[in-house]
Each structure stands twice: as C-alpha cells, then as structure tokens.
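Engineer: Construct all of the structure, not just a fragment, from the sequences and the given hints.
Below, each chain spelled out in residue letters.
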Amino acid sequence: MPSYAPILLLILVAIALPVVIWNTSRLLRPSWPSAAKASTYECGIVTVSEAREKFTVRYYLVAVMFLVFDVETVFLMPWAIQMKELAVFGLVEIGIFLFLLLFGYGYIWSKGALTWE
Amino acid sequence: MPTLAHLLHLSPETLWMVAKVLIVFGGPFTLASLLTWVERRGAAMIQDRIGPNRAALFGKWRLLGLPQIAADGIKAFLKEDLVPPHVNKLVFWVAPLLTFLPAVMGFAIIPFGQSFVSGGQTYHLSLLDPGNGMGMLYPLAIGSMAVYGVLTAAWSSNNKWSILGGMRASAQMVSYEIAMSLAVITIFMRAGAYDPHQIIQAQWGLWNVLPQFLGFLVFTTCMFAETNRLPFDFAEGEAEIVAGYLTEYGSMKFALMYLSEYVHMVTASALIVTLYFGGWRVPFVADPGVWLSVLAFLVKLLFFCWLFIWIRWTLPRFRYDQLMKLGWKVMLPLSMANFLFHAFLMFKRG
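Chains A and B, in that order, give the protein sequences.
The letter at position 53 of the first sequence is residue 52 when you use numbering that gives the first Met the number 0, and the numbering goes up by one with no holes.
The letter at position 32 of the second sequence is residue 31 when you use numbering that gives the first Met the number 0, and the numbering goes up by one with no holes.
Please keep in mind that the hints were generated in silico from the structure rather than gathered at the bench.
Quick reminder that beta carbons are idealized off the backbone N, C-alpha and C, glycines included.
There may be inaccurate statements among the hints.
[Said to hold, decoys possible] DEER-style ranges, computed between Cβ atoms:
1) A:Phe54 - B:Gln200: 45 to 55 Å
2) A:Asp69 - B:Gln120: 36 to 46 Å
3) A:Phe74 - B:Gly118: 11 to 21 Å
[To be verified] Heads up, simulated DSSO-like pairs for lysine-lysine below, C-alpha to C-alpha not over 30 Å straight-line:
4) B:Lys78 - A:Lys36
5) B:Lys74 - A:Lys36
6) B:Lys324 - B:Lys347
7) B:Lys59 - B:Lys78
8) B:Lys78 - B:Lys88
9) A:Lys83 - B:Lys347
10) B:Lys324 - A:Lys110
11) A:Lys110 - B:Lys328
12) B:Lys74 - A:Lys53
13) A:Lys36 - B:Lys88
14) A:Lys110 - A:Lys53
15) A:Lys53 - B:Lys328
16) B:Lys88 - A:Lys53
Structural biologist: Laid out in structure tokens, this is it:
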C-alpha cells in the first residue's frame, strides 16, 4: 500500500511557509492607506465600469475543444502501457477512435474554430 | 539514520520522509531564488549590460550581485501590503497559494538520484516511492492545476488588465496541454509504465531525446507555454497589459507569485530531464551511485533552467493569434504524428 503522506506533508509545508511569512511581515510593514492607493490600477483616468465583463466567445470555444481532446488523451493513456498485451485488437480499436477524433479535428479546422483574428 | 531517528523518537521511515520533504521543498525553492539572480545577470550578459551589482553584504562584499536576492526579499517583506477595496479579499489571498502549490507539488514524483540500499533497506530518492500507481500522471494532473492560480488571481483582482491576462493565460495553458499529454503518452509507450523510475530505467543506453526528438521539441515548447515564460508570457505581457494578472499584487504576495514562476520553471526542467534526458543517468556509467547520479541530475536540471532564461532573452513575444495557431495547428498535429509514428514503430517491432 503506497503512502501519500509525503504529499500531504509537502502541501502543509508549502501552505505554512507563506502564511507564516505574511503574518510576520504584518508586524513590521507600514500601513498608510489612501484613496489614491485604493483605486484600480489602470491608466490614471477615473475607472469606468466593472472589470468582469462579457468576453469574446472564442475563449469558451477553446475550453470546449480542450475538453474533447483532453478526454481523448485520457483514453490513450491506459492503452499506451497495455499496447503489447492488447496487440492487434487494441491497435484497431485505438485506430478507429483516433480516426473519428481526427475527423472531428479536420471538421473544426475547416469551420474556422481554430483561427483567431 | 537509525541513530538520529532514535534520538528524535521517530521511526526511521518518518525521519526519511521528513528529510525528503525538506529536500523536495527546499531544493527547488532555493534554486528558484538563485534563478531570479541568474535571470537578471544572464539578461545583462546577453544584452551587454552589467546587471544588478550594487547590493553588497555590510556595504563591502558585492559577490557578483548575489546579495540582491536577500535585498529583494527584505524589500518585499517590509513593503506596505495593499489590498484594494475592489478586490474579492478571500480569493485575492488564496490565489498566490494556488499558484505556489502546483509549482512545488510537481517535483514530488521526480527521482533526483539513484535509489540506494543501506542497512538492508532501500531508499528511493524521490518523495513518492515507486509503485504508487500515479507515476507521471501526477505531475500532469498537478501541472494543469496551475491555471487556477492565474485565473483566481486575475478574477479576484477585478482589474481589466488582470482579467485580460488571466483569460489569455488560461486559454493558452489549456491549448498546449493536449500536445504535451500526447508527447508524454509516447514516452509511456516506450517505457511501458507510468512510473518515472521505470521510465528512467528504460532510457539506459539511449535517452528518449534521440528516438523522440520531435516529442521533445513539442514537450519543451509546451512547457514554456505552461510556465508562462517568454515567448509565451501572455499572462503578464508587460508591454501590452501592464503586469497582467499580477497588476494588483504587491509586497510579499507578489514575491510569492514571482517565485512560483521560477519554482515552476525548475519543476518543468526536472520533467524534461526525467522524460527525455535519462533523469539521473550518467552516459556510459551503468551504476553511478548516489552522489554522481544526483550531480548528473543537477547538471541537466540547471542546463534546462538556463535554457528557459536564455530563450526568454533571445526570442520576442508572439502575437496572440500566432500563439493559438502554433498550439492548435502546429503542435497538436506534430505531437499526434509523433505518437502515431511511434505507435506503429513499436507495433512492427512487436
């Protein structure tokens, strides 16, 4: 039974160190807030509107395509280390899978989903 | 080791684990702070400047500007910590941790030296012992968590530059991840295992970089994109969007974000070394022993860290449409071709 305790310990150390540093520096650092410091860092002109606005749909499209192709790689991973045992059967199966996927890849390419302007 | 463990009232296993955690955390951390100095001195060298050389220990010893690291640390430590009222406070504080954690955790699986036997017990020089079932899937999983750090920092800042940087960076990291995974799958096929110890074992006599040169190129490019280093530093892009997702950050929070970039770089270099350059292997030496193997690993690691810096100061930044084109229309087909080629090659050999 492998132990994942080292990872837990690593996470704890990696969280504890910044938290300790932040809290120690709180004792030493100055704090002189002012209205100018509190304003949004933009370009000097008074800020117009919230920053969390609508975004171009391309970003969402990338997210969707990523999901499709990432699932593909997840399917390939178990096959990659079992390919000798699965032999011809596995190769044909993965071939069909990849063909379908590459067909889809060609389709989204031809539709222009991969083009940014 | 057992004597020390007895003195501390700990079992030798626990002590060994704690020691390894300290190495795996402290090593990349120290290396990362050194790299901030190497970066600036290296940039100065490449651009025919002098670089930071004013900071001096007790006003006397300049040591090639090395005290600059300490000076920067003290400066960030004593700076006013400004949390503007327009940010989402909780997420704003958590974001630096979310950037830092994935960068540090990735190193846990990397074997940084040859396993050795002492007192009838085998000691593995990687935080996670072999046979944990995750193998190299673990750094891939952790690596993709890095996008949350950038995205939460950007969103919580509620600043237009930050959000632009965050959106760009997340789309970029996600686009290059597929090509990266495909390149790693090709490695899995050759080694027949996920485990980095076995991947290094399989590289005896021939490092993966030679048969899989294309995969190496794709993987390294993707690592540059994943760590947000130039020529892919769209998250910051200081000439375009001020400081990107870091715009509203200051003092120690900024220092942590800045350091995570370098820790991430160290982890990325370690991945490249493990997957393509035989990890701790020394050419023509079958059994290098602990010290030589650790040294070999370090030399390779430092070379790739330097490569990251070298490329940053050599290439200009891409345009965003070029980045997307490179990711989806060049890297993905290339790594797919690499994968198919090796799949058929392996199959023909039987």
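Engineer: Now tell me, hint by hint, if it's right for this structure.
Structural biologist: Hint-by-hint comparison with the structure:
A C-beta distance of roughly 47 Å is found between phenylalanine 54 of chain A and glutamine 200 of chain B, which places it inside the suggested range of 45 to 55 Å. Range check, aspartate 69 of chain A to glutamine 120 of chain B: Cβ separation about 40 Å, and the 36 to 46 Å hint holds. Checked against the hint of 11 to 21 Å, the C-beta distance between phenylalanine 74 of chain A and glycine 118 of chain B comes to roughly 45 Å, which is inconsistent with it. Of the supplied pair hints, the one linking lysine 78 of chain B and lysine 36 of chain A holds, its CA atoms being roughly 14 Å apart against a limit of 30 Å.
Restraint check: the Cα-Cα separation between lysine 74 of chain B and lysine 36 of chain A comes to about 19 Å, which is no more than 30 Å; the hinted pair holds. Taking the CA atoms of lysine 324 of chain B and lysine 347 of chain B, the gap is near 34 Å; set against the 30 Å cutoff, the hint is violated. The straight-line distance between the Cα atoms of lysine 59 of chain B and lysine 78 of chain B is roughly 25 Å, inside the 30 Å bound, and the hint therefore holds. With a C-alpha separation of about 19 Å, the suggested pair lysine 78 of chain B and lysine 88 of chain B falls inside the 30 Å cut-off, and the hint holds.
Restraint check: the Cα-Cα separation between lysine 83 of chain A and lysine 347 of chain B comes to about 11 Å, which is no more than 30 Å; the hinted pair holds. Taking the CA atoms of lysine 324 of chain B and lysine 110 of chain A, the gap is near 14 Å; set against the 30 Å cutoff, the hint holds. Under the criterion of a C-alpha separation no larger than 30 Å, the hint pairing lysine 110 of chain A with lysine 328 of chain B is consistent with the structure, at around 13 Å. Between lysine 74 of chain B and lysine 53 of chain A the CA atoms are separated by roughly 38 Å; this puts the pair beyond 30 Å, and the hint is violated.
Only pairs whose Cα atoms come within 30 Å are accepted, and lysine 36 of chain A paired with lysine 88 of chain B is accepted, the gap being roughly 16 Å. A hinted pair counts as satisfied when its Cα atoms are at most 30 Å apart, and lysine 110 of chain A with lysine 53 of chain A qualifies at roughly 24 Å. For a cut-off of 30 Å, the pair hint linking lysine 53 of chain A to lysine 328 of chain B stands: about 27 Å separates their Cα positions. The straight-line distance between the Cα atoms of lysine 88 of chain B and lysine 53 of chain A is roughly 22 Å, inside the 30 Å bound, and the hint therefore holds.
Violated hints, listed in ascending order, are 3, 6 and 12; each of the other numbered hints is respected by the structure.
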